[in-house]
Amino acid sequence: MITIALRHRFADTAIDIAFSAPSPGLTVVFGPSGSGKSTVIAAVSGLLRTERGHVSLDGEVLQDSGHRVWVEPEQRRIGQVFQDARLFPHMNVEANLRYGLRRAAPGPIGFDDVVDLLGIAHLLRRAPHTLSGGEKQRVGIGRALLSQPRLLLLDEPLASLDDARRADILPFLLKLKSTLSLPMLYVTHSLPELSLLADHVVLLEGGTLRASGPIAEIAADASLPLAARDDAGTVLELTVQGHDAARQLTRLTGADIALWVPLLASAVGTRVRVRVPAREIILAGAVPRAISVHNALEGIVRRVVDDPQRRAAMVEAMFGDTVLLARITPDAVGRLALVPGAAVVALVKSTSVDVLTPQ
Amino acid sequence: MAIRLSLTVAARAVAFGLPVACLIAVLLARGRFYGRGLLDVIVHLPLVLPPVVVGWLLLLLFGLRGPIGAMLHDWFGIRLVFTAAGAALACATMSFPLMVRAIRLSVDAIDPGLIDAARTLGAGTWDRLFTIVLPLALPGIVVGAVVAFAASLGEFGAVITFAANIPGQTQTLPLAIYSALQTPDGDAVAARLSLVSVALAVTGLLVSEYLGRRLRARLGR
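As given, the protein sequences belong to chains A and B, one line each in that order.
189 is the number that our numbering gives to position 189 of the first sequence; each next residue is one higher, with no gaps.
Adding 1000 to a residue's 1-based position in the second sequence gives its number in our numbering.
Just chain B, with the same shape it has in the complex (with noise of 0.2 Å):
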């Protein structure tokens, strides 16, 4: 059980992260505007500070009784705190960094010649962006979500403080073989879930590095 919902976790984490990561990607690799360096701090940070702050501070922003969790809730009947949906809210949030990292290192890789090319022949920016840019980009998306997806896997910390353990709704892989610690006798558990959990690791490893290659040999890198 805890082991669908963590896939489901860790798939709506990137899938809801995954278009936000690539515009900030491009915004921080190609973008020339003010407050660009801090902007590139922000995204950061979830890399940098404790995963229980991280998920402290969505509790103050996206709580019932924060700014936008308010809103949320009283627009549109959306509760996040406590909930699966909140879970990968935490998770994308600490992935955030990772998929950005990912894409935008791909962005960076690509010969601004070719987006001064497509100027010439009449394409205009967002044109360019999803023309040439994203797929251009694509290994490195492609990496990021698969990155991100195993990050979110194994992610704790954020989820106990702002989606809290509760089995069946928010009680991801590491929280349930944390539980399973806590209980006597959980210790066959405990080494049966992270068997799992390092098997989809490895294997979230491996389908990157095995698509990332392949895309590469598509363009002719």
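With the rest of the complex left out, here is chain A (with noise of 0.2 Å):
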């Protein structure tokens, strides 16, 4: 368990946050620029000495301005990765990458792993102005890892790339958190990052928190930020339960839900994230027959929420303890007698499904 507590005064804005993440996990700290994002990450890491803060791991205290507690950034085995990188200029790869690694003691991350796990294999006589954005953040990432860190702070590592090196390097990140159990905190300002990475979701507005919590629920409360989006949308883990080659389909489960989406070449078994687009779900009363939507779920309305401004309604579906966000007009709220506890049908598109790892 990470927990933070900070108070600190800029010259034109105030911080005041305290939340706590998981450990392991992986933390998305999610919010606009100037929401105080990048404060926190400083203060973990120890850059940055806010006036007043509590900053805890796994039950050690690294700062805590109360009782005087104030551990140096070099000793708090912390690893971070920037977003410019900073890849020391007079090293090359190799000796940047062991920069890290001969000053820690003895841990489990390994040279050559992290080389392969992150395709830097080739990079390793080259000198840092050589790199391109992309491989320079791949350094980054694998210099932070190689300190033998007890966490990992990401603060907008693809911020500085255009879409197809991020796309490049999502996947690093993937197998990353899949393949190690170190928890991180993630900055960024990107809703796919977020949907993709994100176990536990924290939200910053102005410098103060807005909401903490699991991914799933966070996406699926309609009185956030993140649904007032036009992109919002819910977020699920599923299992890959079989595919049907003669359709062209493939079903996915949950412990409340099963979907089927387009045919997908991972493995039965495989968790894949999708992304549901709350647009694209239409709601209705009864199942309706003789129609070309593949999945028609049905659940009871959780919370209606107006949203005056797109002339919109957000409304909340329940399915077992598994919520979808549905956006659709005040009318059709009122014609369908959508309050909470009403019996409703949530009709998804398999092709609206965003299927996020399709691995």
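Worth double-checking, as some hints may not be accurate.
Cβ-Cβ distance ranges computed for the label pairs, FRET-style [said to hold, decoys possible]: (1) Leu1206(B) to His122(A): 36 to 44 Å; (2) Asp321(A) to Arg1218(B): 53 to 61 Å; (3) Asp1127(B) to Arg68(A): 22 to 30 Å.
Just so you know, the hints here were simulated from the structure itself, not pulled from any lab data.
Keep in mind it's a predicted model, so treat the numbers as computed, not measured.
C-beta: ideal position from N, C-alpha, C; glycine also.
Two chains, two separate frames, one set of hints: put the complex together.
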């Protein structure tokens, strides 16, 4: 468990944030610029000493302004990946990778494993200024991992890259997440990165905490800023249950729901993460017959949140413990008499389901 | 003879001055401590004081009856006044601000983010100094050393005041030129020595320019 409580005044803003995050697990710290994301990272790494603050990691206190506890950054064993990689320009890639490794106590993360995992074996002799942005970032990730950290901080690691490079690195980050049981704090303002990577989400807004919780909960909360976006949607962890090659469909199941999606290449039993956009869901009073939609889920309405700006409403529909968001018009809410507790059928086109991890 | 003496004196001045200059430059560029402004002023004094005054202050401090000079003499049997080592000390003092300035510019140009990155990787203060700060400041260190070397070759006032003008011992190139000009028919000797002096100075500047450029290219800047 990572526990963080901060108070700091900058010239133009004040930060007052407190939350805890699971360990292990990947926690995405999400918010617009100026919301305090970078302050959180700097306080955890110790590069910024906030006016008041408490930071602890798996029970060890790293900062406690009340009890005058302060552990220097070089003694925290917290690895950091910076937005701009920050490779040492006077060392080649291998020397950069080994910089933290040489200074760390022997740990579980091996040099060859990291080089393999990140696909940087062919770069070891190169100078940092000859690398592309994506290569630099991979070396930066490797360097931080090799310092045998107890926690990895990633401060918008993909923000300085173009879409193609981003798509190159995301699989590495996913692999990292699944192969190492290392807690990570990942700062971003990109919804695709959040949807793909997060186990836990910390939402910041204007220097304060807006919400903190598991991704499925936060993404399905119609009152949070994530649900106010055009591309709002829920994130589900499902398992490949089977393929129907003749119909060109794959069946995904979770604890409470099952979805048909266009045929995937993944083996049966693979965990996949999908995103269901709120505006792609149709709500109905009963299961219609003779319709192209493959997925008709029967559930009940949990809550309806008005969105007057968009002349729309966001409906939270529960299927067991799984919640989906559906954006429909207030007129439809009235016609279907959607009030909390009412029965409802959610129609989800199989082609509208974004499968995020097709491995 | 004066040429060789000048070269060794200048080399010793740089050899002794450089490590101290590196430390002071890093302190001034990155340190946050009380009295930093005062240290800055003291370091730059030789640049603005008349060299004769610097030489005289050195006499007061390092003379046989000066506080430091007496200690060195009584404890280690080292005498600085009127020796080649003394000439080197005078040159080191006079060229010190030049070295500090060149190194400090280089240290200031280092991205503080790199030093932060080294901290998160477990490097302590001295570790960071030797593995990140000084290597990245190398262009400035080299330029500072070469400029200080060239300036030491030309130092006159502080040397003649502190180390006197003893042929073969403390008579460096400028002192030899001065002495030659004092003797009748010394013009030819003075002209020859002056030519050497110009050649050395130009070489020094060219070398520093070349080395600085190569080192920067290696860092990809």
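To see whether the hints hold, each was checked on the structure:
Between Leu1206(B) and His122(A) the CB atoms are about 39 Å apart, so this pair conforms to the stated range of 36 to 44 Å. For Asp321(A) and Arg1218(B), the Cβ-Cβ distance of about 59 Å falls inside the hinted range of 53 to 61 Å, so the restraint holds. Range check, Asp1127(B) to Arg68(A): Cβ separation about 25 Å, and the 22 to 30 Å hint holds.
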